[in-house]
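Engineer: For reference, the chains in residue letters:
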Amino acid sequence: MLAVPALIWLTAFLLGPMLLVLVVAFLKKGTYGGLLWELDFTHWTQIFNDSYLKIMFLSFVQAFATASLTVAIGFLLAWSCSTLSGGSRKWAIGLIALPSFLNLIVRIYAIKLFVGFEGPLQGLLRFLRIPFDEFYFSSNQSVVFWGMFSSYLPFAFLPLYAAMEKFDFSLIEAARDLGANTVQTVFQVLIPNLKRALMGAFVLVFIPSLGEFIIPDLLGGAKQMYLGNLISEQVLRARNWPTGAALAVLLISAMLIFYFLGARPNGPSSEPRR
Amino acid sequence: MLEINNITKQHGNQTTLRNVQLKIEEGEFFSLLGPSGCGKTTLLRLLAGTETASSGEVLFRGKRIDDLNPQERPFNMVFQSYALFPHLSIYDNIAFGLRIKSRKNKFSESEIDKKVEAMLAMVHLEKYAERMPGTLSGGQCQRVALARALVNEPKVLLLDEPLSALDAKMREVMQRDLRALQQKLGITFIFVTHDQEEALILSDRIAVMNQGRIEQVCHPREMYESPQSAYVARFIGSNNEIPGTLVEDTAAPFVTLQIETSGVQQRVRGQMQGGSLNQGQVMAFVRPEKIDIFKNGAATTEDLQWTQGVQKNRILGILTNLVFRGQFNDAHVDCGNLGVFKVIARLQNNLEIGDDVELVFAPVDTFVFAVNEIE
Chain B
1 MLAVPALIWL TAFLLGPMLL VLVVAFLKKG TYGGLLWELD FTHWTQIFND
51 SYLKIMFLSF VQAFATASLT VAIGFLLAWS CSTLSGGSRK WAIGLIALPS
101 FLNLIVRIYA IKLFVGFEGP LQGLLRFLRI PFDEFYFSSN QSVVFWGMFS
151 SYLPFAFLPL YAAMEKFDFS LIEAARDLGA NTVQTVFQVL IPNLKRALMG
201 AFVLVFIPSL GEFIIPDLLG GAKQMYLGNL ISEQVLRARN WPTGAALAVL
251 LISAMLIFYF LGARPNGPSS EPRR
Chain R
1 MLEINNITKQ HGNQTTLRNV QLKIEEGEFF SLLGPSGCGK TTLLRLLAGT
51 ETASSGEVLF RGKRIDDLNP QERPFNMVFQ SYALFPHLSI YDNIAFGLRI
101 KSRKNKFSES EIDKKVEAML AMVHLEKYAE RMPGTLSGGQ CQRVALARAL
151 VNEPKVLLLD EPLSALDAKM REVMQRDLRA LQQKLGITFI FVTHDQEEAL
201 ILSDRIAVMN QGRIEQVCHP REMYESPQSA YVARFIGSNN EIPGTLVEDT
251 AAPFVTLQIE TSGVQQRVRG QMQGGSLNQG QVMAFVRPEK IDIFKNGAAT
301 TEDLQWTQGV QKNRILGILT NLVFRGQFND AHVDCGNLGV FKVIARLQNN
351 LEIGDDVELV FAPVDTFVFA VNEIE
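Here the protein sequences come in this chain order: B and R. Each residue of the first sequence is one higher than the last, beginning at 1 in this note's numbering. Each residue of the second sequence is one higher than the last, beginning at 1 in this note's numbering.
Everything labelled a hint here was simulated from the structure, so no lab data went into it. Honestly, I wouldn't trust all of these hints.
Calculated Cβ distances over 12 Å to all of chain R for the following chain B residues [unchecked claim]:
| id | residue |
| --- | --- |
| 1 | Leu58 |
| 2 | Leu113 |
| 3 | Arg176 |
Chain R regions said to be covered by chain B (calculated; three or more residues, Cβ under 8 Å) [unchecked claim]:
| id | stretch |
| --- | --- |
| 4 | 65-76 |
| 5 | 92-101 |
By construction, the Cβ of each residue, glycine as well, lies at the ideal position given by its N, Cα and C atoms.
Please construct the entire structure, taking both the sequences and the accompanying hints into account.
Structural biologist: So this is what it looks like as structure tokens:
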């Protein structure tokens with residue numbers, strides 16, 4: 001009984017829209033946008049063309065790279081935070097989480113300004129008399145990646161930190177005592193015991209970054225398109241709702257697959273029992 | 001074999017170890033005993049290498065080891081929380097150290113298997129090899145932790161309150177097993193505990209620690225029968241305390257103190273412990289089982305004489321409580337301004353609550369400490 005409001009909420013605002021997208025994905029596009037209530041599959045074959053497949057592949061690579069790097073750096077940050085003492089720990093966590101309190105657009109523009117023509121980065125390069133191409137930074141893949149990384153880092157850091165805080169650090173002492181060096185301790189004790197949190201953090205970053213379109217749009221300019229951009233382009237500019245919906249269905253299916261692969265690792269429970 | 005020279009440890013402005021000086025012999029069961037916060041665990045971690053000293057040195061068989069990493073020391077540790085790896089089976093937990101070392105020492109899988117099986121047999125856990133640590137009881141986890149440390153054949157085994165998480169019955173079993181194991185293997189055990197009874201039962205020698213200092217190092221019996229400081233006397237076993245002032249007397253080797261009982265001046269003789277003192281405020285300690293209790297006036301001259309010419313100490317009081325425990329009984333005796341004395345004694349002549357009684361104890365069982373040493 002207590003779950004009823006939540007179920008109503010989920011049906012109205014999550015399941016409903018999702019079903020709508022699924023239905024739209026199989027309808028025919030109207031001549032001037034809009035929808036015709038006729039079953040149509042032609043756009044389903046169209047979306048698997050070479051340039052779209054390339055975009056999908058690149059989106060996948062981008063999301064994978066973002067998730068890997070945020071989890072790796074988030075892991076190191078979480079580890080060092082959990083070894084700090086109370087006061088400085090609070091500060092460190094605050095500083096890491098702080099950017100996510102700001103509006104995404106503001107944050108992205110801050111990066112844009114930082115690397116832009118009059119920004120401090122170019123100023124520094126000029127000051128150091130290092131020759132560079134002024135247009136290099138204005139719409140560049142690495143800047144997109146930087147934007148993705150900095151936006152998603154807290155999403156990887158927080159679950160890892162939560163897991164690390166519960167981690168029994170005497171296990172590390174035990175490993176050292178039994179002769180393990182730092183690398184052996186990390187790979188044979190720390191990572192296996194935090195497997196669940198690592199997978200969770202990876203999925204938490206990978207899924208939204210697969211559909212990300214604001215960051216590539218603002219930082220990447222028109223140089224490279226990702227799956228998210230493609231969908232927004234189809235829906236908002238080309239007014240081709242069925243194609244956009246088909247792409248969205250594809251994206252959601254991919255996410256679901258990764259969710260079930262990532263969030264449910266096989267084997268015995270990796271949660272430490274105390 | 002293991003020498004701890006002048007070790008001091010500071011955490012910020014807090015000193016956890018002060019000039020600790022210890023020598024631990026080969027094959028000894030050595031206990032570090034003290035209340036929480038006395039520095040015993042810090043000292044153990046310092047030996048393990050998970051903590052570094054601010055000054056001083058640790059020598060093992062004549063070689064300095066305090067600058068070595070934990071993995072380079074021939075020591076292994078059993079942790080208070082067991083610290084078993086939850087993602088590994090019991091077998092893999094025990095094999096962990098051997099597999100880590102296998103690159104250097106070239107243990108083959110079959111050698112590892114043989115050693116692990118032997119360890120499992122030693123701690124009676126053969127059937128549990130494939131189980132995960134989360135499915136074992138506390139006592140079983142403790143055995144695994146022990147096996148995991150001992151399989152590496154350490155020269156010294158460090159144990160950090162390994163029995164404190166077990167229930168009383170299990171603890172007793174483990175105490176017996178631990179002692180038997182140590183005697184069988186002949187490895188030096190360094191055992192940290194806050195439980196004085198446990199230390200007395202298990203150890204060859206005990207070091208009592210207080211606020212980062214070693215108070216006394218000796219055999220358990222000596223610790224009980226001849227405490228060198230008031231702190232040790234209070235920490236090991238229980239005591240009745242009698243405040244008084246030292247007065248001149250010719251009762252060597254004993255000292256005499258003047259005490260006041262219900263307004264009457266009286267003298268008590270005892271042994272001065274930990275240094276000599278001729279005058280000043282002192283405190284005398286008597287253990288409950290060293291006191292004989294008589295109905296007032298019922299004690300014979302023989303009861304009252306310790307040796308030729310030396311009388312036993314006598315204090316009067318009223319019996320306020322009596323707990324029957326069979327062969328021995330717990331008695332509480334109100335001695336006026338000296339407070340209530342605890343006495344464990346074979347009771348004579350059917351004493352009853354409310355009786356006037358006389359407490360009699362020998363000077364040799366009366367330990368005297370300077371008051372300034374107590375606080």
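Engineer: If a hint holds in the structure, say so; if it does not, say that too.
Structural biologist: These are the hints, each one checked on the structure:
no.: 1; hint: Leu58; result: holds (36 Å)
no.: 2; hint: Leu113; result: holds (43 Å)
no.: 3; hint: Arg176; result: violated (5 Å)
no.: 4; hint: 65-76; result: holds (count 5)
no.: 5; hint: 92-101; result: holds (count 4)
In summary, the one numbered hint that this structure violates is 3.
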